[in-house]
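Engineer: Note that the protein sequences, when read in sequence, are chains A and B. The working numbering puts the first sequence at residues 1 to 345. The working numbering puts the second sequence at residues 1 to 345.
Any given hint might turn out to be false.
Remember, identical chains collapse to one label, so a pair may be satisfied in a single copy or spanning two.
[Said to hold, decoys possible] Listed next, the in silico DSSO-like pairs over lysine-lysine satisfying Cα-Cα at most 30 Å (straight line):
hint, residue 1, residue 2
1, Lys177, Lys306
2, Lys334, Lys177
3, Lys305, Lys177
4, Lys163, Lys305
5, Lys112, Lys341
6, Lys177, Lys5
7, Lys7, Lys112
8, Lys199, Lys306
9, Lys305, Lys42
10, Lys163, Lys273
11, Lys42, Lys236
12, Lys5, Lys341
13, Lys185, Lys42
14, Lys334, Lys305
15, Lys163, Lys7
16, Lys5, Lys44
17, Lys42, Lys177
18, Lys305, Lys195
19, Lys112, Lys5
20, Lys40, Lys112
21, Lys306, Lys42
FYI, nobody ran anything at the bench for these hints, they're computed from the structure.
Number of protein chains: 2
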Amino acid sequence: MSSSKIKNDLFLRALQGETVERPPVWMMRQAGRYLPDFMKLKEKYPFFERVQNPELATEITVMPIDQVGVDTAILFSDILVIPQAMNCEVEMVPGRGPVIPNPIRSLSDVEKLITPPAEESLDYVMNAIVHTKDALANRVPLIGFAGSPWTILCYMVEGHGSKDFSTAKGFCFSQPKAAHLLLQKITDMTIDYLKAKVKAGCDVIQVFDSWGGLLSPEDYNTWSLPYMRQIAQAIKPHVPVILFGKGCWYALNDFSEAGASAIGVDWTLSPEKARGIVGPDVVLQGNFDPSKLLSPIPVIEAEVKKMIDGFGPQRYIANLGHGILPNIPVDHAKAFVNAVKQYSA
Amino acid sequence: MSSSKIKNDLFLRALQGETVERPPVWMMRQAGRYLPDFMKLKEKYPFFERVQNPELATEITVMPIDQVGVDTAILFSDILVIPQAMNCEVEMVPGRGPVIPNPIRSLSDVEKLITPPAEESLDYVMNAIVHTKDALANRVPLIGFAGSPWTILCYMVEGHGSKDFSTAKGFCFSQPKAAHLLLQKITDMTIDYLKAKVKAGCDVIQVFDSWGGLLSPEDYNTWSLPYMRQIAQAIKPHVPVILFGKGCWYALNDFSEAGASAIGVDWTLSPEKARGIVGPDVVLQGNFDPSKLLSPIPVIEAEVKKMIDGFGPQRYIANLGHGILPNIPVDHAKAFVNAVKQYSA
Chain A
1 MSSSKIKNDL FLRALQGETV ERPPVWMMRQ AGRYLPDFMK LKEKYPFFER
51 VQNPELATEI TVMPIDQVGV DTAILFSDIL VIPQAMNCEV EMVPGRGPVI
101 PNPIRSLSDV EKLITPPAEE SLDYVMNAIV HTKDALANRV PLIGFAGSPW
151 TILCYMVEGH GSKDFSTAKG FCFSQPKAAH LLLQKITDMT IDYLKAKVKA
201 GCDVIQVFDS WGGLLSPEDY NTWSLPYMRQ IAQAIKPHVP VILFGKGCWY
251 ALNDFSEAGA SAIGVDWTLS PEKARGIVGP DVVLQGNFDP SKLLSPIPVI
301 EAEVKKMIDG FGPQRYIANL GHGILPNIPV DHAKAFVNAV KQYSA
Chain B
1 MSSSKIKNDL FLRALQGETV ERPPVWMMRQ AGRYLPDFMK LKEKYPFFER
51 VQNPELATEI TVMPIDQVGV DTAILFSDIL VIPQAMNCEV EMVPGRGPVI
101 PNPIRSLSDV EKLITPPAEE SLDYVMNAIV HTKDALANRV PLIGFAGSPW
151 TILCYMVEGH GSKDFSTAKG FCFSQPKAAH LLLQKITDMT IDYLKAKVKA
201 GCDVIQVFDS WGGLLSPEDY NTWSLPYMRQ IAQAIKPHVP VILFGKGCWY
251 ALNDFSEAGA SAIGVDWTLS PEKARGIVGP DVVLQGNFDP SKLLSPIPVI
301 EAEVKKMIDG FGPQRYIANL GHGILPNIPV DHAKAFVNAV KQYSA
């Protein structure tokens, strides 16, 4: 780990459970559409060109460090590079989101998927990491991320975004053997991918279970948690691992037991309740409602203080409860970050 | 109330907290796209014609009583008849869902909305109720429904369906005065509407807060709960009121205190946990994952038994945790209903 050389290592120290001078702060999707400079690149280059070109990925990744002042970078990429590497085509259709032209619907579809070494099949990600680490010059750490196997399955089977992913769920409930084989293949590919990302220079890994909250607590234990656990166990000997499940308020203790260094929380759980569930020793991350950044700046400042008071300023990483929205004014995002930096109990 | 004359009054007795021989059962969206006879009408008549024509609304409402064997009817209608009556145009665009061509974005937009007497402005709903009660001939009760004021606001401000309704939330956070005025106008219109529905013959009212789960617990107490409470208080002297908030697991006790006769639960809360939160005396309704109806029939039967065991067979109404999906085979829906009817502890 290169953490000892990083100048602003607040985020890493908080992840290790150390007592810190203030909570570190970053924002999910911090390199996103609310930044005018991001929009310029978005208009010029298609989505996967921005992901695959190391210079572009670096420029986007570093943008919020310079422009918003967050305490860590997170590599600009996409969770669906995993199906692409497994030979399942993914297109990004402007205005519609990801589309999988040939979705997975049977055991034989699953059996045809490959799990090639990530260092070769996703070499452009590793190149982007090396390039980004150079550009960061040890100012802040770099997070690498992956989708949870359940969330990746949702897209691979449904074939596109959905509010309920009922085709994907139906696939699990009607063809459980094929579904578990698919989840295991995604898990194997993801572990290899994340190990390669750490080797290339990522200081921290976050796993996003964006669609975990569509499952009942019992189904979560069947279809998502065991695979998140495999990933956490494989990666945590190397770098800290943050587990985040959107809508998975019922799984916080499970994430902790699975080996998470920190646990992401969304805003459907109050800070006090989240802290009450896991106790004082577990590092939590979250949970500002992204829409609330549309409030007037004094309201944002007051709400940030209330949030930190609720979680407590130690063993806590300030963040949003989900990705920042495209319609957030940049000065509101900065107000959020600055309110954390100026926090005093 | 006409309940004393209804032959199958199991649902009404359960709502009144009486000890019953088995849990009553119905399904949200039970008159829906999974029924081939519904699809024939859907192909022949546009959405709002089906809603506005009393003969069509009656035919659709009665369908699942005859074809699936549920213990109550629920009037075929739409939550967005309320904005229509308030002079806010709503179109139903096939494949896209509801579209509001001129969404509400300012205090002056809100001030222009009207709240005319529902008996006149929504007379077609009252006609459909009278017609449906005739067709039901007191076989089972009839539920009337409305959307929660928060959920109606989401559509009126956003202008269409959305996964986060961030424009609607931004409207509340940046223009709270206008948002509260809008919510109060919707509430006033809804109370008048539901009173007229009861007068026309509805035996039970359910309020759907489909988008309540997008709010934090604290914001729920600001933007949704107070208006749900006004509705429950106004209607419960007349008929039982069921409050259902999708994703609102944190509000069960609040719903109970607001005066709900029963509380709907989705599948993100286990039956045991839901029962544990509200205690043995509160009537709960739910919470089968609609996607789980894609499981093989023996699995559906086993899961239904487990669900009823979890809630306990008294003070409980068997239902799904959200609307039935279009891709559910009819015999799977019947298996769900029959498994409840055959339940023994």
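Engineer: Measure nothing new, just compare the shortest in-copy and cross-copy C-alpha distances for Lys334 and Lys305 to 30 Å and report within, between, both or neither.
Structural biologist: within (15 Å within a copy, 52 Å between copies)
Engineer: Given a CA cutoff of 30 Å, do Lys177 and Lys306 count as a within-copy pair, a between-copy pair, both, or neither?
Structural biologist: Intra 46 Å, inter 22 Å, cutoff 30 Å: inter-copy only.
Engineer: 30 Å Cα cut-off: does Lys305 pair with Lys177 within a copy, between copies, both or neither?
Structural biologist: between (48 Å within a copy, 24 Å between copies)
Engineer: Should Lys163 paired with Lys273 be assigned to within, between, both, or neither, using CA atoms and 30 Å as the limit?
Structural biologist: Both: 27 Å inside a chain and 25 Å across chains, each within 30 Å.
Engineer: 30 Å Cα cut-off: does Lys306 pair with Lys42 within a copy, between copies, both or neither?
Structural biologist: The answer is neither: 35 Å in one copy and 50 Å across copies each exceed 30 Å.
Engineer: Go through the copies and call it for Lys305 and Lys42: within, between, both or neither, with a Cα cutoff of 30 Å.
Structural biologist: neither (34 Å within a copy, 52 Å between copies)
Engineer: When no copy is named, should Lys112 and Lys5 be tagged within, between, both, or neither for a Cα gap of at most 30 Å?
Structural biologist: neither (44 Å within a copy, 61 Å between copies)
Engineer: Within a copy, between copies, both or neither: where do Lys42 and Lys177 come within 30 Å Cα-Cα?
Structural biologist: neither (40 Å within a copy, 36 Å between copies)
Engineer: Checking an output row: Lys199 and Lys306, CA cutoff 30 Å. Within, between, both or neither?
Structural biologist: For Lys199 and Lys306, neither the intra-copy (38 Å) nor the inter-copy (47 Å) Cα distance is at most 30 Å.
Engineer: State whether the alpha carbon distance between Lys177 and Lys5 is at most 30 Å within one copy, between copies, both, or neither.
Structural biologist: neither (47 Å within a copy, 51 Å between copies)
Engineer: Please sort Lys40 with Lys112 into within, between, both or neither, judging by C-alpha distance up to 30 Å.
Structural biologist: neither (39 Å within a copy, 39 Å between copies)
Engineer: Could you figure out if Lys185 and Lys42 sit no more than 30 Å apart (CA to CA) within one copy, between two copies, both or neither?
Structural biologist: neither (32 Å within a copy, 42 Å between copies)
When each numbered hint is compared with the structure, violations occur for hints 5, 6, 7, 8, 9, 11, 13, 15, 16, 17, 18, 19, 20 and 21.
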